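Taken in sequence, the protein lines are chains A and B. As numbered in my numbering, residues 1 to 534 make up the first sequence, in order. As numbered in my numbering, residues 1 to 295 make up the second sequence, in order.
It should be emphasised that the hints constitute simulated quantities derived from the structure, not laboratory data. Since this is a predicted model, take the numbers as computed values, not measurements. Possibly wrong hints are sitting among the right ones.
Said to hold, decoys possible - Covered by chain A, according to a simulated footprint, are these stretches of chain B (three or more residues, beta-carbon under 8 Å):
hint	region
1	95-102
2	164-170
3	259-270
Stated by the list, open to error - Just so you have them, the derived chain A footprint on chain B, three or more residues with Cβ under 8 Å:
hint	region
4	30-39
5	195-209
Cβ coordinates follow ideal geometry from the N, Cα and C atoms, glycine included.
Listed below are the residues making up each chain.
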Amino acid sequence: MARQSGGAGAPKAPAPLPGARLVPRGGIAGHLVKAVLLAVSVGVAVWAALPLAAAGNWIGLAAVVAVTALVFWIYLSKRHIPAKYLLPGVLLLVAFQVVPVLYTIGTSVTNYGDGHRGTKEQAIAQIEAASVAQGEGADDYVLTLAARGGAATGDLVFLLTADDGRVLAGDADGLEPVSDASTGPTGKVTEADGYTLLTAAEAGGRSEEISEMAVPAEEGTGIRASGLSAAYEGRATRVYDADCDCITDTSTGEVYTADDERGAFYNEDGDRLSQGWRVGVGADNYARVVADPGIASSFFSILGWNVVFAAGTTFGVFVLGLSVALAMHTRRPLRGRTVYRLLLVLPYAMPAFAMMLLWRDMFNADFGLINRMLGTDVDWLGGTATARAAALTINIWLGFPYMFLIATGALQAIPRELVQAARIDGAGAWQAFRNVTLPLLMVAMAPVLIATFAFNFNNFNAIWLTTEGGPFPSDSPMAGTTDLLITYTYRLAFGGQSAQYGYAAAISVFIFLIVTLISYLSLRRSAALEEVNR
Amino acid sequence: MAQSTTVQRPMRRRASRRTFGHMWRHLFLLAMTAFAVFPVLFVVSAALNPLGTLSSAQLVPTGVSTDNFAQLLTETRFPRWYLNSLVLAVSNAAATVFLSALAAYVFSRFRFRGRRVGLYGLLIIQMFPQFLAIVAIYLMFSAVTDLRPEVGFDTHWGLLLVYMGGALSINTWLMKGFFDTLPSELDEAARVDGATHAQMFFRILVPLVTPVLAIVGLLVFIATVNEFIMASVFLRDPDSQTVALGLAAMVADQRDSNFGMFAAGTLLLALPVLAVFWYLQRFIVEGLTSGAVKG
Numbered sequence: 001m002a003r004q005s006g007g008a009g010a011p012k013a014p015a016p017l018p019g020a021r022l023v024p025r026g027g028i029a030g031h032l033v034k035a036v037l038l039a040v041s042v043g044v045a046v047w048a049a050l051p052l053a054a055a056g057n058w059i060g061l062a063a064v065v066a067v068t069a070l071v072f073w074i075y076l077s078k079r080h081i082p083a084k085y086l087l088p089g090v091l092l093l094v095a096f097q098v099v100p101v102l103y104t105i106g107t108s109v110t111n112y113g114d115g116h117r118g119t120k121e122q123a124i125a126q127i128e129a130a131s132v133a134q135g136e137g138a139d140d141y142v143l144t145l146a147a148r149g150g151a152a153t154g155d156l157v158f159l160l161t162a163d164d165g166r167v168l169a170g171d172a173d174g175l176e177p178v179s180d181a182s183t184g185p186t187g188k189v190t191e192a193d194g195y196t197l198l199t200a201a202e203a204g205g206r207s208e209e210i211s212e213m214a215v216p217a218e219e220g221t222g223i224r225a226s227g228l229s230a231a232y233e234g235r236a237t238r239v240y241d242a243d244c245d246c247i248t249d250t251s252t253g254e255v256y257t258a259d260d261e262r263g264a265f266y267n268e269d270g271d272r273l274s275q276g277w278r279v280g281v282g283a284d285n286y287a288r289v290v291a292d293p294g295i296a297s298s299f300f301s302i303l304g305w306n307v308v309f310a311a312g313t314t315f316g317v318f319v320l321g322l323s324v325a326l327a328m329h330t331r332r333p334l335r336g337r338t339v340y341r342l343l344l345v346l347p348y349a350m351p352a353f354a355m356m357l358l359w360r361d362m363f364n365a366d367f368g369l370i371n372r373m374l375g376t377d378v379d380w381l382g383g384t385a386t387a388r389a390a391a392l393t394i395n396i397w398l399g400f401p402y403m404f405l406i407a408t409g410a411l412q413a414i415p416r417e418l419v420q421a422a423r424i425d426g427a428g429a430w431q432a433f434r435n436v437t438l439p440l441l442m443v444a445m446a447p448v449l450i451a452t453f454a455f456n457f458n459n460f461n462a463i464w465l466t467t468e469g470g471p472f473p474s475d476s477p478m479a480g481t482t483d484l485l486i487t488y489t490y491r492l493a494f495g496g497q498s499a500q501y502g503y504a505a506a507i508s509v510f511i512f513l514i515v516t517l518i519s520y521l522s523l524r525r526s527a528a529l530e531e532v533n534r
Numbered sequence: 001m002a003q004s005t006t007v008q009r010p011m012r013r014r015a016s017r018r019t020f021g022h023m024w025r026h027l028f029l030l031a032m033t034a035f036a037v038f039p040v041l042f043v044v045s046a047a048l049n050p051l052g053t054l055s056s057a058q059l060v061p062t063g064v065s066t067d068n069f070a071q072l073l074t075e076t077r078f079p080r081w082y083l084n085s086l087v088l089a090v091s092n093a094a095a096t097v098f099l100s101a102l103a104a105y106v107f108s109r110f111r112f113r114g115r116r117v118g119l120y121g122l123l124i125i126q127m128f129p130q131f132l133a134i135v136a137i138y139l140m141f142s143a144v145t146d147l148r149p150e151v152g153f154d155t156h157w158g159l160l161l162v163y164m165g166g167a168l169s170i171n172t173w174l175m176k177g178f179f180d181t182l183p184s185e186l187d188e189a190a191r192v193d194g195a196t197h198a199q200m201f202f203r204i205l206v207p208l209v210t211p212v213l214a215i216v217g218l219l220v221f222i223a224t225v226n227e228f229i230m231a232s233v234f235l236r237d238p239d240s241q242t243v244a245l246g247l248a249a250m251v252a253d254q255r256d257s258n259f260g261m262f263a264a265g266t267l268l269l270a271l272p273v274l275a276v277f278w279y280l281q282r283f284i285v286e287g288l289t290s291g292a293v294k295g
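Work out the full structure, taking the sequences as your base and the hints as a guide.
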């Protein structure tokens with residue numbers, strides 16, 4: 001990046017006087033801090049590199065080495081002073097903002113999602129394992145249910161105790177031995193390092209997941225749970241044949257052929273096996289957004305409301321914030337000014353997420369405060385128009401105090417003489433405001449308004465915590481009428497029945513483009529504003 | 001108001017006009033204050049409501065009881081969530097202020113290749129909310145969790161790293177605006193005395209921009225406490241969750257009956273923020289506007 005390759009220092013500052021050279025530049029303390037920090041960065045690099053090397057992740061390892069080399073090159077050199085200050089922030093920025101954006105763009109041209117997660121080999125192993133039937137003389141295991149991470153949400157693992165007492169850990173990728181597990185008298189695992197054992201209640205909560213889980217074992221066999229404490233190994237009834245690149249179901253005789261363009265096995269009728277693999281689909285996801293009639297209409301109606309929401313919020317908070325600032329902006333003493341100020345900033349200082357949930361409950365149809373106070377029986381969040389009005393009201397309530405603070409500061413910066421001169425020249429109060437105060441105000445506030453618009457364009461919380469995108473039309477359960485693009489994307493990727501990461505990523509890229517365009521246009525316009533008033 | 005007309009008797013006509021002009025201001029401000037305050041009043045009332053349900057909560061408190069607070073502190077993991085939120089918010093605020101101040105210093109005091117691109121790049125990047133790329137971050141950290149669970153999901157370190165990716169942002173502009181207001185004679189004098197660029201930054205400039213550091217710290221603190229979506233992806237284990245996640249889950253399961261506890265939690269979270277906010281309010285007005293004007 002250009003920012004990192006900074007050149008010389010400040011040209012404005014004069015060269016040090018000759019005598020100053022005698023003063024030690026930088027203390028011993030400075031050098032010591034530098035040495036310690038460099039040592040720490042080596043430590044972190046080694047710490048990060050060890051598991052990467054163990055896993056054979058050479059790209060990750062190369063990145064670690066490159067970053068460490070860059071750190072040493074920048075900080076040991078006497079030049080590149082600006083880079084010394086920018087490097088930490090820029091590294092984090094690249095790692096957690098720029099790289100994810102690039103990755104999103106990469107994902108958007110694949111079919112990645114539920115049913116298309118891993119490679120073709122993983123899909124075949126999964127299909128075979130899932131089809132096992134309990135045959136005669138099958139190997140049985142004592143099953144202990146466990147998870148990596150939290151009991152309720154971590155990845156499910158089968159801890160299997162064989163007849164000879166060995167313990168194996170099995171998940172969707174296969175089996176691996178567990179060396180340090182201790183087992184009880186029944187063979188159940190009582191403790192295993194790195195795994196959270198599930199209690200009966202926790203296992204009951206994930207029973208569907210457990211009954212669907214299949215652990216690929218040897219070639220053509222798989223292990224499945226029968227109940228919560230036993231598992232069996234059996235032969236697969238669906239078998240992959242590399243010669244025809246197809247899967248044959250031995251019980252029904254049906255043949256599923258691999259389709260490498262769509263990433264799944266299809267039979268003659270066009271039905272697919274649910275486990276597929278990840279393939280590139282080119283611009284298909286983008287084409288879906290624009291061309292698929294069902295999706296295109298929901299995408300564009302969401303986009304329309306999204307613009308209305310962002311513009312409406314920006315306009316609303318601007319008008320209310322400015323009005324309050326103007327009402328308080330008087331040279332004659334206004335009684336209670338301090339009290340007004342303290343109370344008016346309350347919405348901004350209260351925790352926003354909690355206030356959104358609170359507003360949602362105030363609009364609740366059954367026991368909400370608003371219906372009880374007004375004596376009405378309106379299902380506020382159940383109708384499109386009232387839900388949209390509610391979402392805007394809530395968001396304006398949250399945002400206007402910030403605009404009030406900004407407007408107060410901007411008003412104080414405008415010399416009063418200008419307005420007085422206009423009044424003397426015969427301008428009315430409104431004319432003076434419209435032609436003198438407002439244009440000057442806009443110079444200071446335009447960047448803030450642009451930022452407000454951009455922020456609210458993607459204001460996930462304001463919708464997700466209030467209406468959750470609803471109400472949903474009966475014909476489109478995935479796209480609600482108060483959905484913003486960002487909440488719609490979130491539901492596609494995480495919320496629905498099956499995750500569609502590829503498609504969600506394509507919509508993310510669309511949002512990038514829209515926000516960039518709007519930012520670019522408004523930045524140019526605000527730059528023009530500055531030119532005019534210079 | 002009636003008092004001011006009697007005190008300034010000789011100027012009665014002008015005074016009554018003044019009162020009339022102010023009356024409109026007061027009417028408008030009272031209406032806006034009511035709009036701003038009534039949901040907050042409802043929170044207070046619901047938190048003190050002895051029944052603790054949504055359907056029984058009124059706008060004006062009907063009774064005073066601390067049951068909701070006691071129940072919240074003993075029956076839920078609220079103390080744990082509160083601690084998690086504070087730790088995350090304070091560390092993120094401190095890291096952001098530090099990283100942002102470093103960047104603002106060079107953007108203000110040095111002229112180097114890529115400076116303009118860098119400044120505008122920051123403005124553009126902050127237009128992309130980080131979590132648009134949430135799928136990518138989710139997958140990235142799935143890999144990290146396999147390799148180094150210490151910084152993966154269910155840890156605060158992982159989440160903090162992602163938050164710090166957004167440290168350089170509009171805040172850097174705000175700080176740069178402040179650094180720009182400090183006269184360059186300061187730097188020259190220090191340079192003549194043999195100060196290094198680091199000494200100049202830490203010993204001379206940073207103490208002078210403390211107000212803006214405090215403001216940015218407060219803004220980041222508030223934003224982190226309110227952050228919901230990244231946290232919901234990262235923190236799945238109930239013990240690692242933040243107040244935002246915990247309170248949201250509380251009213252998602254049992255909307256009506258947990259409402260009193262929810263309101264009590266909201267108040268407990270608001271109190272420290274409000275105290276600092278009111279204390280810093282004057283700085284905030286100055287800080288925000290000078291950043292915006294000089295940008």
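Violations among the numbered hints, reported as their numbers in ascending order: none
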